[in-house]
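S.K.: Following the hints, complete the assembly by docking chains B and C onto the known chain A.
Residue numbers (the working numbering), protein chains in the order written: chain A, 101 to 1106; chain B, 12 to 425; chain C, 68 to 176.
What the hints contain is simulated information worked out from the structure, not anything from laboratory work. All values reported here derive from a predicted model rather than from experimental measurement. Where hints are given, some of them may not hold.
What the hints assert, rightly or not - Lysine-lysine pairs mimicking DSS-like chemistry, simulated, CA-CA at most 27 Å apart:
id	chain 1	residue 1	chain 2	residue 2
1	C	94	A	990
2	A	780	C	131
3	A	1043	B	395
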Amino acid sequence: MSRRLPKGGRLIDRSKSLGFSFNGKEMRGYAGDTLASALLAEGQVLMGRSFKHHRPRGIVASGPEEPNALMGLGRDGTFEPNARATTTELFQGLEARSQNHWPSLENDFGAISSMLSRFLPSGFYYKTFLWPRAFWKHVYEPAIRLSAGLGKPPMRRDTDHYEHFNITIDVLVIGGGISGLAAASAAAESGADVLLVEQDPAWGGRAPVDGARIDGMSAEEWIGSTLQSLQSMPNVRMRTRTTGSGIHDHGYVLLHERLTDHAPEHSVPRHRLWKVRAGQVVAATGAIERPLSFAGNDRPGCMLASAVRDYVVNYGVAPGERTVILTNNDDAYRTALTLREAGLGVSAVLDTRQQATGPLAAAARDAGLNVRPGCGIAGIVGRNRVDGVQVCRQDSDGEVIDVIQADCVAMSGGWSPATHVWCHAGGKLSWNDEAAHFAPDPARPPTGVDGMAMMQVAGSASGAIHSGTALESAHAAGVLAGKALGESRGRKAGRAPAGEDEGHQPMEPVWLVPARAPYAKRAKSWLDFQNDVKVSDIELAAREGYESVEHAKRYTTLGMATDQGKLSNINGLAILSRELGAPIEEVGTTTFRPPYVPVTMGAIAGEARGELFQPVRKTPIHEWHEANGAHWEPVGHWRRPYAFPVQGESVHDAVKREVLATRSGVGLLDASTLGKLVVKGPDAARFLDMLYTNMMSTLKPGKCRYGLMCSENGFLVDDGVVARLDGDTWLCHTTSGGADRIHASMEEWLQTEWWDWKVYVANVTEQFAQIGVAGPRARDLLNELGPSMDLGREALSFMAWTDGALGNVPVRVFRISFSGELSFEIAAPAGQARALWDRLLEAGRPLGMTPYGTEALHVMRAEKGFIMIGDETDGTVTPQDLGLHWAISKRKDDFLGKRAQEREHMTDPLRWRLVGLETLDGSVLPDGAYATDEGVNANGQQKTQGRVTSTYYSPTLDRGIAMGLVERGPDRMGEILEFPVIDGEPVRARIVNPVFHDPDGEKQNA
Amino acid sequence: MGHYSALAVVREAFRDHRGWQRAWKSPEPRRRYDVVIVGAGGHGLATAYYLGKNHGIRNVAVLEKGWLGGGNTGRNTTIIRSNYLQDASAAIYEKARTLYETLSQDLNYNVMFSPRGVMMLAQTEHEVRGYRRTAHANALQGVETEFIGPGRVKELCPIIEVRGPRYPVLGALWQPRGGTARHDAVAWGYARKCSEMGMDVIQQCEVTGIRTSGGDVSGVVTTRGDIDCGKLGIVVAGHSGHLADMAGFRLPIESVALQALVSEPIKPCMDVVVMANTVHGYMSQSDKGEMVIGGGADGFNNYTQRGSFSHIEETVRALVETFPMISRLKMLRQWGGIVDMTGDRSPILSGTPVGNLFVNCGWGTGGFKAIPGSGWGFAELMAKGESPLCAEFGLDRFREGRFIDESVAAGVAH
Amino acid sequence: MLILTCPYCGIRCDETELAAGGEAHLKRFGPGSSDEEFEGYLFMRANPKGVHFERWRHAYGCGKWFHAARNTATLEVYGTYPAQVHEPPQEVLDAISTRVPGWRWKDVS
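Just chain A, with the same shape it has in the complex:
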């Protein structure tokens, strides 16, 4: 049965009919409809099931506060669960499915929990499922999880994309109702750059529906002319479909803009997250109507009074043919009059106040409506929807005095300002007794970087519920926001728009209908529709001592649903305060947290997906690696070749081949990720003496020295070869992962501790590539390229460097070795490095030259007993632990870490120290294995006396080799340790010297 009215619907275009489906059923609506209005128009009352009791539910609201009508939208890569039908714009082909039911929306097995609801009060799960213990994991929790959740999880990869915008603006106005428009106008007229955003697709908010008159015009006319004037101002930007999502400190605001949810055929980003830095924020976020708590108020057909007239006026849809109004204030009379005007039936206006004397009540009476003051609702007739209303006196325990036929109840418990964004960054609220709501307290605003208010509040969001005062407040807020930027703009805002108020009778707060409703009714009076929290639940929480508002919320789950309590919070608070006998302002509110409306994760992630998620740093030779089958390893933001397996070869075999080829011939390594820091200046020597444990000031130009860096806490943090380039210039090599960190640390010391020292540091890591050429034939290879300098054994001795050209590429050659072989590291300008690499490959072919990866590098260094930062060190290891005493200067008064290394525990003779480990059976020790000691400690844990830090299969020795840290290790050579293996026999290994290969260093000195 169609509920579409023959005329009306200011937001729909009846010339554009759109097809959509709901639970597989084909339906039609109009352009401009929301999914909610289109479903209502198609006569669909039942829209979903509640979370806990699977109660049948219909639409309650017309905006983002909707708790019930949540849908699964789309399919596959565009499937979205938990979408609110009330804010989903209709488009051709939209697919919607209701949620949380089985087997169907109409016949839901889960609804059995509703029949058992008396046994399932708030927090019942804390009191039950206790025995038998194993049942929680295996029976109870799986059963509870079966009923958990609302929508289905998306199972496919999101096919949409998202983006971020950054903007700095003088004044951000959140909310494009009449107050937002007035505030934006005032701020813009003052000269401020203004961004005005509105969550709905249309400007103007509620005023056109409520029939306000402004400056002698209808709201619609005034909005039109104001929009026109704003659009003509160059300092104003405007966006619809954009929600003020979260206000963060120092004027940082997130806006969530939906670009294609209503038009999925467009290929632009689906959503856009705006990151705004606003000088001032104006919250013109409006107010949200409160439901009333009466028995059966969750039946499909019970709606907010404002939503009922929204559907009639905006979409030309009749929520009901015969509506009963229940109200404690004048506003709901507007709904009665609207329905009447649309030719729909109004069975009665039940006004909980003893008298209905306002002008709107009078107008209702004049229109012939049945206004019944002092009345409330005792109960609802009908199971899956409203069929009738049982009327009672408000001041009673619910004795039914009348039953009225009705298919819709339009309820209004008054209005609560939408204060969320005010509170996000610390704004405080105060209770207004007369209007019975919390409103922003202008004396306690959220403050900005200067400690001053960073936010103004405009219109009904400020508590000015009626349009006249709302506009005044909005204009004032806009002026203030403009002013806060300083008088420099020298412009003045125009006058405030004048709203016309028809006058009103004060509302009277009503938190329970009827006032003395007995338990049976209170247990059926819903507060939080989605989470099934009833008046009786809050009462129970209070009775059991969950008196703090946070306790009550968490115990009952009030306000924790996807609407975050937009409808339920104040009503719940009022019940709690009644139960505690404490005023509402003392009970206080729970904390308002962002976002105002749930924000898509994809929008938060933004563009940084796939390739753009932490983009890979590439060396100049990266492409060659890629083309030659590199097996990659992530190292910091780099990706380095772990090995180069050739056709059909395993990674392990490749590593073995690379090691043997290097040891017997010559190997080539891309070492470009190595950190390269130039340190220069008159005080550079002094500076490096502080940074390194070694003495760097005595290093001769032309020479290199292996250096260690410790943290001020005494632990080894980086190592590398330092070359002195000239009298006051050093080149410090760092680990691949350490370059940025060490550079930053150098700057930190220079800027914050030794700021009068004359030293400059430059990070040239990416300016130069570095190529390692290692192996007995390394020199032969380089000589093939016609070096401009002498690379002979004497001319370029071990630990020396020289400049020159190699194959016409300008290079600096360091004679240093991390493999233990004759080895040269060649630094070349990044732009020419690939050419040099190619030439080396070509010249090396006759020599059997083999490119090798990081694993061969690691194996070879381990064979030589060289430590690796991150393997032998882990942030708790000192150079002394590693037997590197020779690299710690005894002649220096001070260096970073020296004082720390004097502390008690650092000089403990029982510290674990570096040794080599050789398994008795030649096997490879497991990575990270621990050597056990006898007995257990005070906590019953097996005692240990050492651990493996590096362990490899050594192709050179054809057996397992390892390094480890062992208690008093170097003093225990030859002893055998036992390393338990998970799911296996313990491995026994002998403590040996960590240098397994060429202990005399003859090869590297060749």
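M.R.: For chains B and C alone, kept in the frame of chain A given last:
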């Protein structure tokens, strides 16, 4: 207070649930207690509970400036695990995990401990080595963990993208007996039991001063009057430095904001807890269906319980890469708590320069999982002056250089 | 999400451009200092709930270190100044005193 059981719930259902009594009393503070604990969060309440249960000390007050469980106990991502590398950490977290297994029965309050399993993804070779090391250490510490390959990871958590693209999953450290619990219930259950033992849990009672006499603590000044005590325990995460200041000593502590967020609830699709440290994010699904997500802490001191959105963004970005299906879910709520960070990111359970005054603080981002073990050990320390569980967590370790550094095995202390 | 003005660039930096560096005006203790002094230098922190002096680096900008006087409870920033000083400049101290009556600078080292 009445025993909780399914039977009791049914019985009450037939009298409109009128018979339920207060979960905890709301007493006026007395003039003197043997022991006063400042802070009615999980750690403080657990300390009181084990003082009574294990050491027979029941003349105890727990003072709380706000509402009990209102600090980090009610703001965390509820993960429980004990796969720590260092012996001292593994001991106290494993003690806690073991106690969690029977906590619901001990307290007669269902804290919904769900041993669904926790995995920490290894996404670099360095992490692989670090977690293998942890698995070896755990085996000797009596903590059941194992290093599993990417295939098993995918089997346990089908929604993970194991192939990368940026950081392929190379394996994971898997603790099958790790899991989650209902955080509020832990505080409420302990409070109820403390109250039942005759202890006073006093909310809305802020400590504004600490009194000493002859180098020993003698009492506290509160917004509800002076209270004398024999021993004082300070258990106020986030505000420990502030309280220490009142007693005239300093702590190696900095307070920073840590944030978390939840998505809207969806039907169960993730049965385990996953932590991805390379990209900084962790996620699990609550029994209600929300995806519970946490990430990194701010780098600066902050007492506002609001953190920087850049961390939320970083975390969500990382998790959308790791779990592509969450892209179209919506963030429902984000929040922050104030955590206190020590110099080595491990907690302090220790005596202090003031006699009979003890501190339990510095749990950083990882306190919830430790609550029962922390309470157990700290109660023993307060009662006897020493506790094996607390021995390594003394204040003097910072002077001696005897750190307990968990970051060493690519781990983080969430 | 803080904004701090870099005293070198004069730019109001978004927090994401900055790296936080902990408490400012700490005195370094090296060899020869007592265990207590050294412990204090490395680990003990003022960590005040209120006015705080801290170090920041304009890491994704000019690269310079600077100091900020900031309130850790309200996040109000009283001023920023170059890091090459041993105590806050007078105008920053004055700015704090104006906003926080009765507040006094005390040496935190």
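S.K.: For every hint, state whether the structure bears it out.
M.R.: Hints, one by one, checked against the model:
1. C:94 / A:990: The given pair, whose Cα atoms are some 25 Å apart, holds under the 27 Å limit.
2. A:780 / C:131: Distance of about 18 Å is within 27 Å: holds.
3. A:1043 / B:395: This hinted pair holds, its Cα atoms lying about 25 Å apart.
Violated hints are absent here; each numbered hint is respected by the structure.
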